[in-house]
Amino acid sequence: MKFTQAFKMAAKSIAGNKVRSALTMLGVIIGLAAVIILVSYAQGQNQAMREYYESMGQNTIDVNAYVYDGSIDIPTELSNYCQSISQYVEGVTPNSTIWSDLTIQYGVHTLGETQEIDMGGGMIMIDTSQRPTSYLASDQFAVCNNYTLAKGRDISFMDIKASNQVCVLGAAVAQNLFGMIDPIGKEIDINGMPFNVIGVYKAKGNGVTEYNDEGDNWQEVSMSQMDNILVFPYTLNRILNNNSSVDQYTVKAKDSDSAKIAATLIKSYLTSIVGDMGWVDVYNQGVYQEEEDEANKLQEMFLGGIAAISLLVGGVGIMNIMLVTVTERTREIGIRKAIGAERRSIIIQFLIEAAMICGIGGIIGIIVGYLGTLIVGKLFLNIVLIPGTGITVGAFAISVALGLIFGLYPAAKASKLQPVEALRAD
Amino acid sequence: MLIDLKDIYKIYNEGLESEVRALDGVSLQIDRGEFVAIVGASGSGKSTLMNILGCLDIPTYGGYELDGTDVTELSDRELARIRNREIGFVFQGYNLISALNAYENVELPLIYRGVGPFKREGMVMEALAKVKMDDRSQHRPSEMSGGQQQRVAIARAIAARPPIIMADEPTGALDSRTGRHVLEILHTLHEEEGTTVILITHDNSIAATAHRIVRISDGKIVADSKDDKNLQAQVAKEGGAGA
Numbered sequence: 048m049k050f051t052q053a054f055k056m057a058a059k060s061i062a063g064n065k066v067r068s069a070l071t072m073l074g075v076i077i078g079l080a081a082v083i084i085l086v087s088y089a090q091g092q093n094q095a096m097r098e099y100y101e102s103m104g105q106n107t108i109d110v111n112a113y114v115y116d117g118s119i120d121i122p123t124e125l126s127n128y129c130q131s132i133s134q135y136v137e138g139v140t141p142n143s144t145i146w147s148d149l150t151i152q153y154g155v156h157t158l159g160e161t162q163e164i165d166m167g168g169g170m171i172m173i174d175t176s177q178r179p180t181s182y183l184a185s186d187q188f189a190v191c192n193n194y195t196l197a198k199g200r201d202i203s204f205m206d207i208k209a210s211n212q213v214c215v216l217g218a219a220v221a222q223n224l225f226g227m228i229d230p231i232g233k234e235i236d237i238n239g240m241p242f243n244v245i246g247v248y249k250a251k252g253n254g255v256t257e258y259n260d261e262g263d264n265w266q267e268v269s270m271s272q273m274d275n276i277l278v279f280p281y282t283l284n285r286i287l288n289n290n291s292s293v294d295q296y297t298v299k300a301k302d303s304d305s306a307k308i309a310a311t312l313i314k315s316y317l318t319s320i321v322g323d324m325g326w327v328d329v330y331n332q333g334v335y336q337e338e339e340d341e342a343n344k345l346q347e348m349f350l351g352g353i354a355a356i357s358l359l360v361g362g363v364g365i366m367n368i369m370l371v372t373v374t375e376r377t378r379e380i381g382i383r384k385a386i387g388a389e390r391r392s393i394i395i396q397f398l399i400e401a402a403m404i405c406g407i408g409g410i411i412g413i414i415v416g417y418l419g420t421l422i423v424g425k426l427f428l429n430i431v432l433i434p435g436t437g438i439t440v441g442a443f444a445i446s447v448a449l450g451l452i453f454g455l456y457p458a459a460k461a462s463k464l465q466p467v468e469a470l471r472a473d
Numbered sequence: 002m003l004i005d006l007k008d009i010y011k012i013y014n015e016g017l018e019s020e021v022r023a024l025d026g027v028s029l030q031i032d033r034g035e036f037v038a039i040v041g042a043s044g045s046g047k048s049t050l051m052n053i054l055g056c057l058d059i060p061t062y063g064g065y066e067l068d069g070t071d072v073t074e075l076s077d078r079e080l081a082r083i084r085n086r087e088i089g090f091v092f093q094g095y096n097l098i099s100a101l102n103a104y105e106n107v108e109l110p111l112i113y114r115g116v117g118p119f120k121r122e123g124m125v126m127e128a129l130a131k132v133k134m135d136d137r138s139q140h141r142p143s144e145m146s147g148g149q150q151q152r153v154a155i156a157r158a159i160a161a162r163p164p165i166i167m168a169d170e171p172t173g174a175l176d177s178r179t180g181r182h183v184l185e186i187l188h189t190l191h192e193e194e195g196t197t198v199i200l201i202t203h204d205n206s207i208a209a210t211a212h213r214i215v216r217i218s219d220g221k222i223v224a225d226s227k228d229d230k231n232l233q234a235q236v237a238k239e240g241g242a243g244a
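Protein chains in written order, with my numbering: chain D, 48 to 473; chain U, 2 to 244.
Please note: incorrect hints may appear among the correct ones.
[Unchecked claim] Keeping only pairs whose Cα atoms sit at most 20 Å apart, straight-line, the calculated SDA-like set for lysine to any residue is: (1) D:463 x U:105; (2) U:238 x U:177; (3) D:65 x U:238; (4) D:460 x U:77; (5) D:65 x U:105; (6) D:463 x U:135.
Simulated from the structure, these hints should not be mistaken for lab results.
None of the values given here were measured: they were computed from a predicted structure.
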């Protein structure tokens, strides 16, 4: 029997048993689509995680240093020391968060407060925005935290020296407080004191300024939270932070290796000057990222395991259909043998049949998997998620192999029988 | 001599308490061009005999020469070739493939034989015409009556023009009128083409139409009209009485 003939025969068999063929294909489709969607989701989440870390600023070192009596000017000491190891360090800035609630106003707008506004028809309550985070920092805040100016200018050395009452706004704060108005040069009121807006940073969080109330999408919230900031010269700590000292700093290293070296150097330097008059802590952010990567790998393996199970379930589905129809198929094989089919012809026909079903089912499964991945990516990660080639090809190969094995096994067994035994099957 | 069975045994569960001797030392010779009916009650071993004659099953012991070839020595592949070229089968239950239409069912043995597509079409249509089913070639088995299905099955058996037709209770599932029609087709084949026909039946009236009658009981041949000239008349009489 020629190959083309076997091919035609297999096609006829598929077309002649539509329900059986469709159910078998369904097994392949479900298994394949599930694997593609799950693995892509895991990979997508890892990628989102990595992007988050990158936007946070890679290779940054967090420094906590404090002297009880304030006898050492740590900001200046740290800044000078970082200059001396500039082969590792790109920038350094105080990075203290102001813990007390600031009342920030421009005109009738107050940030982070529920307001009653007269809309003409009556008073309505408006929560104008989420309370922003305020930082006390130096002229290198932007470099160290990966911000770029959208307009205006950044905090300058002179602002720090002179304790000028100026501030730079994150994109979300600028939006919430000023709307369409250009904030540069405007005077805002903070805790009853006038501050000049000198600059606005570009949005980091894809320009997203909306919030997820359920809090189940921490990523998006964090990204927007990064834009919901105000930055002041750190020398204003006396008036803004209830006179508590600046004690947190961010150092930006050139790369991850430099970050390791710089973290060690900075720690030993600060410890040597602070001694037992205060405390010093240095964290290399890269270490967190490595730990996080490790956790992501575990999660990827876990989802991969689930995917493998769904592939197996798909395989079992194929096997079930094959076993349910094995009586019918065994009779068919008996008939074919009785009218002169060689074992080889039967095997080739069933092989082609299984390959065609798995091939068609596989292609549909890939299409379903791609669509499912796009939907899942949009729904859960809010990104355009596309499955990798590796996982697609791998899952396709495995599901086709499963289909071939399960599809061929009953045929191989039945074709060994004497025709009369196969015909007797019921 | 076309068929030469020598001392054939088919034993199931040999040596156990449940041992069954479906065939218990059968010897039978059939010449080219004969029309032989093998009769017997159900369980007599006649179907087992036909399966062995048709190379669908192998005997436990004994020798079988088909056209001078010792069939018991052949490989699976050579047996497939014999089933394809030498023998056409007609089963009681038709045994058509349900996913294929009449034309495709008849075409099947020709495909396995390696006949080219153009020649094949002529042979299929000719076989279908002989059983007057050429107008229903595109119908599936489920769209045909039992008689029509059996006619397609006969067309499939004769399409490759094998020298031997073996029919196991071909009229068993049919009403008597349709059954007679199917029988007529077998007789026509025998008379016009000189095909050797071996017919297995439990029905004496059908057996009586054969030129030679072999009676089997408990796995043994108990009478053969070749040796016993009275058998023919006796079977005919029994068939008449039974009808």
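Here's how the hints hold up against the structure:
For a cut-off of 20 Å, the pair hint linking residue 463 of chain D to residue 105 of chain U is broken: about 24 Å separates their Cα positions. At most 20 Å may separate the alpha-carbon atoms for a hinted pair to count; residue 238 of chain U and residue 177 of chain U meet this at roughly 18 Å. The suggested pairing of residue 65 of chain D with residue 238 of chain U is violated, with an alpha-carbon distance near 52 Å, which exceeds 20 Å. A C-alpha spacing of about 14 Å is found between residue 460 of chain D and residue 77 of chain U, which places the hinted pair at or below 20 Å, so the restraint holds.
Note on residue 65 of chain D and residue 105 of chain U: the hinted pairing holds, with a Cα-Cα distance of about 17 Å set against a maximum of 20 Å. Between residue 463 of chain D and residue 135 of chain U the alpha-carbon distance is near 35 Å, which puts this suggested pair outside the 20 Å criterion.
Hints 1, 3, 6 from the list above are not met by this structure, while the remaining hints are.
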